[in-house]
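Visitor: One-letter residues, chain by chain:
There are 4 protein chains.
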Amino acid sequence: MQTINQGLEEELFNYLVHSIEDTPYYQLLGVEVRLLASGSAELEVEVSQQHTNPLGAVHGGLYMSLADAAMGNAIRSLGIKAVTVDCTTSMIAAASIGEVIKAQGSLEKVGKNLIFASARVTAGEKILASSRGTFYRVGLIEINHGS
Amino acid sequence: MQTINQGLEEELFNYLVHSIEDTPYYQLLGVEVRLLASGSAELEVEVSQQHTNPLGAVHGGLYMSLADAAMGNAIRSLGIKAVTVDCTTSMIAAASIGEVIKAQGSLEKVGKNLIFASARVTAGEKILASSRGTFYRVGLIEINHGS
Amino acid sequence: MQTINQGLEEELFNYLVHSIEDTPYYQLLGVEVRLLASGSAELEVEVSQQHTNPLGAVHGGLYMSLADAAMGNAIRSLGIKAVTVDCTTSMIAAASIGEVIKAQGSLEKVGKNLIFASARVTAGEKILASSRGTFYRVGLIEINHGS
Amino acid sequence: MQTINQGLEEELFNYLVHSIEDTPYYQLLGVEVRLLASGSAELEVEVSQQHTNPLGAVHGGLYMSLADAAMGNAIRSLGIKAVTVDCTTSMIAAASIGEVIKAQGSLEKVGKNLIFASARVTAGEKILASSRGTFYRVGLIEINHGS
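Protein chains in written order, with the working numbering: chain A, 1 to 147; chain B, 1001 to 1147; chain C, 2001 to 2147; chain D, 3001 to 3147.
None of these hints come from the bench; they were simulated from the model.
Just so you know, not all the hints are guaranteed correct.
As the list claims (entries may be wrong) - Within a straight-line C-alpha distance of at most 30 Å, the following computed DSSO-like cross-link-like pairs (lysine-lysine) qualify:
#, chain 1, residue 1, chain 2, residue 2
1, B, K1126, A, K112
2, A, K126, B, K1112
3, A, K109, C, K2126
4, A, K81, D, K3102
5, B, K1081, C, K2081
6, B, K1126, A, K81
7, D, K3112, B, K1102
8, D, K3102, C, K2112
9, B, K1102, A, K81
10, B, K1112, C, K2081
11, B, K1109, D, K3126
12, D, K3126, B, K1112
13, D, K3112, A, K109
14, D, K3126, A, K109
15, C, K2102, C, K2081
16, A, K112, D, K3109
17, C, K2109, A, K109
18, B, K1112, B, K1081
19, D, K3081, B, K1109
20, C, K2081, C, K2109
21, D, K3081, A, K112
22, B, K1109, C, K2081
23, D, K3126, B, K1081
24, C, K2112, A, K126
25, C, K2081, D, K3126
26, C, K2112, B, K1112
27, D, K3081, C, K2102
28, A, K126, B, K1081
29, C, K2126, A, K112
Work out the full structure: start from the sequences and follow the hints.
Guide: Structural data, given as structure tokens:
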């Protein structure tokens, strides 16, 4: 997937795109990054059989994982490293196998220690899930300039 | 893994154990079932490299997925089919690669339509995450007696 | 306070305004209604000494009560009666004594049984709290035409 | 109400009891303290007409306020000052006018900066609401020995 850079510095953008591509949990679930902007991130997953629960529907864990990841990368787009403290998700509608679902993460407040974020998971116009997350800042992203 | 049956009818127990083994999302994450009792379920995952986030730590989505699954199976142990409505999780401590983490789901109220549940994710004595979930009942589990 | 009617039928609007004025818990906290629209409501409280906690700051219960009320009245603006199932609130910043704080409630999905809402509590431009709520529909508002 | 001291130092216990009695928001809602122990607190309210919402039922804000207060005082019983960051509540059943409802707050993890707590609101044997809260530590309680 070609990722859209909506105003990030080239170096941070490239770092984040590669870091997301290399993240094992994202690879496991099939998460890709569609867009990065300052304080905002859009991630996608193409829903498949492997994401289904005992009822044959998409497992809620996929929506929660994707929403958490979208909020986390919205924070990382500011060059900040943080960990999730609280994440709450309402499951509003179900996706179908084969649909591409998108999570858009954005930030409500970037405090000295705590960062408040929200995310919405959609398939086309349909809202699938709505999340809020609170994160704790642990440092700044350092981009290594390899020799 | 040998699953402990703490008082479920043999037929429901066997149905649930096989259904959990066959669930694609559980296979993807490595979720196994350790114990089923009436209104309670314990699931496990051995944490590995594939569960890690961009910081190299276990992704919060794993704890949330596991907690949601433990609550869902606590409900299924009563023969009830339900879908997650709301799930909220606090991330209290981080697991290490190689640890076996366990989620214990239990029920607070089984209403006509809504079911209120909670789950705790632990590694040994350490609490990693604490969740609450609200579920909506969609029917009863029907066990097919194949010919 | 003069309440703004943004497109509700006169009869429902008048009913809701009086019902809000007559609601004991709103009177206790000092909640007033500023605006009603279809699927949206704005409520206000002038923060005073009586809302403070043991630290002398505004008690979180005020933000949560106001957010819940704003979501509930956003639902009532559609002529629907519902009860709160889940409500989650992040406390982002603190209000000061004497400030007027406003909660704006809006709806994300109005389902057959479940309704998903959100609310933001602000003081001027400052976000104080952000909430999500899930509600269960219990019936329709019936307006009595007294003799 | 006579408050039970379950093992707190006399000085801290007395300080907390008076501080709770003097807290304006608690007075407004009718909150009283029944028990304080190390890391745990029980608060009570006698539900009355003044706590009711437009449907004539107890407003969810009362349960949320009481749960938040019980968690906050469970923290204060350790001599710690903290503010609420996130609070999530499931409304499980409704109280009746005239009932005494009790919130018991307890702690799951007391970290360097973040404290994770839970509370359950009950009327007799009946669970009315179940809450989780995350708090941020802001200092220690200092007991002034007035002249």
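Visitor: Would you mind marking each hint as holding or not holding in the structure?
Guide: Taking the hints in turn, this is what the structure says about them:
About 28 Å separates the Cα atoms of K1126(B) and K112(A), which keeps this hinted pair within 30 Å; it holds. For the suggested pair K126(A) and K1112(B), the alpha carbons sit about 28 Å apart, so the restraint of at most 30 Å is met. Between K109(A) and K2126(C), the direct Cα distance comes to roughly 10 Å. Compliance with the 30 Å bound is thereby established for this hinted pair. Note on K81(A) and K3102(D): the hinted pairing is violated, with a Cα-Cα distance of about 40 Å set against a maximum of 30 Å.
For the hint pairing K1081(B) with K2081(C), the CA-to-CA distance comes to about 27 Å; that is within 30 Å, so the pair holds. At roughly 24 Å between alpha-carbon atoms, K1126(B) and K81(A) fall within 30 Å of each other, so this suggested pair holds. At most 30 Å may separate the alpha-carbon atoms for a hinted pair to count; K3112(D) and K1102(B) meet this at roughly 25 Å. Distance hint between K3102(D) and K2112(C) is unfulfilled; the C-alpha atoms sit about 33 Å from each other, more than 30 Å.
Simply put, K1102(B) and K81(A) have alpha-carbon atoms about 27 Å apart, close enough for the 30 Å limit, and the pair holds. With a C-alpha separation of about 19 Å, the suggested pairing of K1112(B) with K2081(C) holds against the 30 Å cut-off. The suggested pairing of K1109(B) with K3126(D) holds, with an alpha-carbon distance near 10 Å, which does not exceed 30 Å. Straight-line distance between C-alpha atoms of K3126(D) and K1112(B) comes to about 16 Å, which keeps the hinted pair within the 30 Å bound.
Between the alpha carbons of K3112(D) and K109(A) the distance comes to roughly 22 Å, so the proposed pair stays at or under 30 Å and holds. About 38 Å separates the Cα atoms of K3126(D) and K109(A), which puts this hinted pair outside 30 Å; it is violated. Simply put, K2102(C) and K2081(C) have alpha-carbon atoms about 23 Å apart, close enough for the 30 Å limit, and the pair holds. Pair hint K112(A) plus K3109(D) holds up; C-alpha atoms about 22 Å apart against a cutoff of 30 Å.
A C-alpha spacing of about 25 Å is found between K2109(C) and K109(A), which places the hinted pair at or below 30 Å, so the restraint holds. For the hint linking K1112(B) to K1081(B), the alpha-carbon distance of about 12 Å falls within 30 Å, and the restraint holds. Taking the CA atoms of K3081(D) and K1109(B), the gap is about 33 Å. The hint is violated against a cut of 30 Å. Restraint check for K2081(C) and K2109(C): the C-alpha separation of about 15 Å stays at or below 30 Å, so the hint holds.
The suggested pairing of K3081(D) with K112(A) holds, with an alpha-carbon distance near 19 Å, which does not exceed 30 Å. A C-alpha spacing of about 23 Å is found between K1109(B) and K2081(C), which places the hinted pair at or below 30 Å, so the restraint holds. For the given pair, K3126(D) sits about 25 Å from K1081(B) by alpha-carbon distance, which is consistent with the 30 Å threshold. Pair hint K2112(C) plus K126(A) holds up; C-alpha atoms about 16 Å apart against a cutoff of 30 Å.
Restraint check: the Cα-Cα separation between K2081(C) and K3126(D) comes to about 24 Å, which is no more than 30 Å; the hinted pair holds. The straight-line distance between the Cα atoms of K2112(C) and K1112(B) is roughly 16 Å, inside the 30 Å bound, and the hint therefore holds. With a CA separation close to 27 Å, the supplied pair K3081(D) and K2102(C) stays within the 30 Å bound. Proposed proximity of K126(A) and K1081(B) is supported: the alpha carbons are some 24 Å apart, at most 30 Å.
Among the hinted pairs, K2126(C) with K112(A) is consistent with the structure: their alpha-carbon atoms are about 16 Å apart, no more than 30 Å.
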